[in-house]
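Start from the sequences and build out the full structure, keeping to the hints where you can.
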Amino acid sequence: MSSQAEEQWPWLGLLKWSLTYVDGTVPSEESEDFKKMSKEDIAFLEEVMKNGIIDEGDRMKKILKHLITYFEHIQGGSSAKAVEEEKTSQDEKDEFADPLSVNEIEELLQELQDIVEQIDFAKSFSTMGGIPFLIGCASQSTKVPTNIRAACLEVLGTMTQNNPAVQYTMLEQGNIPKLVDIFFAEYLRGDADDASMIQARALQAMSCSVRNHDIGEKIFCMNTEARKMVEASLGLYSHEIESEKGKEALPKPSDNMRRKALFFMQALVTSDSADSERICLFNNAIQYVASRFIDKGTESNADIREMALSMLTRILDQKKSVNAVLDVKSYLVTLGIKSIAEMRKLKGDEKDLFGEELRLWEMLISQLSRAVRDEANPDHEASSSSSPLLLGS
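In case it helps, the working numbering puts the sequence shown at residues -17 to 375.
To be clear, the hints were calculated from the coordinates, so they are not data collected in a lab.
You can take every hint at face value.
Only pairs whose alpha carbons sit at most 35 Å apart, straight line, appear in this in silico DSBU-like list of lysine-lysine:
id, residue 1, residue 2
1, LYS105, LYS210
2, LYS320, LYS333
3, LYS210, LYS234
4, LYS333, LYS278
5, LYS44, LYS21
6, LYS105, LYS125
Label-pair distances were calculated between CB atoms; the ranges are:
id, residue 1, residue 2, range
7, LEU170, ASN205, 18 to 24 Å
8, SER236, ALA25, 52 to 58 Å
9, GLY156, LYS329, 55 to 61 Å
10, ALA323, ASN283, 20 to 26 Å
11, GLU86, PRO146, 29 to 35 Å
Model, not experiment: these values are computed from the prediction.
A virtual CB, placed ideally from N, CA and C, is assigned to each residue, including glycine.
Here is the structure:
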C-alpha cells in the first residue's frame, strides 16, 4: 500500500460512503426464515418500539457515525464530514459533530461487537465495508491507540466466527495476508505489552475467520507466513524488538496466546477437511507441543497440557498422518508412564483435579502402542494418492 493511500485511509472513506446508502439492517427477505408479517405481528412490534426497545440496526449505524467522526479527527480531517448531509437532521449533525474520548470509543466498539454477534447484523456490517474498516483501523499503529486497534480485531473475530457468509467475504477480499502483516508488524514496535495484545487479537481474528470453513482452512494452511503466525504464537521462534535500551528479547508468548494458538492448530489438523499433507505442514509445531506442553515440569498450565494431549490423541486416532507423533514416541512413553504413575497416587481433590489429564495420558499411551507409521498404513497411502481438491474455477 502506498504512503498516500495510508494517509487517505480508504477503509474509512468506504464506510462513510456505505452509511449514506445502507440503512444498517438486513432486508428481511434475505433471512432463511422469512415470512410475511401479519397485522397482529406488526401491531405487536409497533408497541414494542413504543416501549423503548432499541433498534440494533439503527444503533449500529449511529455507532459507526461516531467512529467515523473519531477517526477523521485523529487522522486530521474534518469531522463534520462524517455525517451525510442529505439524510440527517440538524440535531443529529450536532450529535456527531464532536469526537468522543478513547474510552467512549472503546465502549462503542464493545457495543458493536455485541450487535454483530447476530449473524444478520454481521452480514449487514460486512456489506457496508465493515471488514476493510476494521482491518484498516487495526493496521494503523501510529495514530490509532492500541486499545482501539485491539477492539477492532475483537469485533472482526466476533462477526466472522461461525458465519460462513462473512468468512467467505474475508477470503474474497484477500484478508488473510493482511492479518498476518498486522501480527508480524508488532515485532517492529518498542512496546512488548502492546505488541502482545495486538498479536493475540490478530491471532484470534484469524482463527475465527477460517475455522470450520473448508476453503478458508485450505488457503490459510497453504500460506507459509500464516503458518508461522501460529508457530510464533506457540513459542517456536525467539524475537527481538528495538527499544530505548537497544535490542531486547521478547518474553515467551503468554498462556493466553499459546492457548489460542494451540486451539487453532488443533482445529486445523483435526478438522474434517484435514489430510496428511496439511498435518505434515505442522509437523514441527506438533513436535514442539509434544516436547514442551505436556510435561508438568515445563508447562504449569493444566488447560494447555490437556489441550496438547487431546490434540496428540486425536491425531493418532484419525490416522491421517501420525509420523510427527511417532517420531517422539520414546519420549512420550517415558513421560507418560511417569505422569500416569504420579497421578494415580493422588487422593481426594487432587485426584479430581488431574482426572481429565490422567484419562488423556492413558488414552495416548494406549494409542501409541497400536499406531503404525504413515508409510506402513494402507489407508494413508490411498489418501495420499487421491486427487487434490481444486479451490474453485
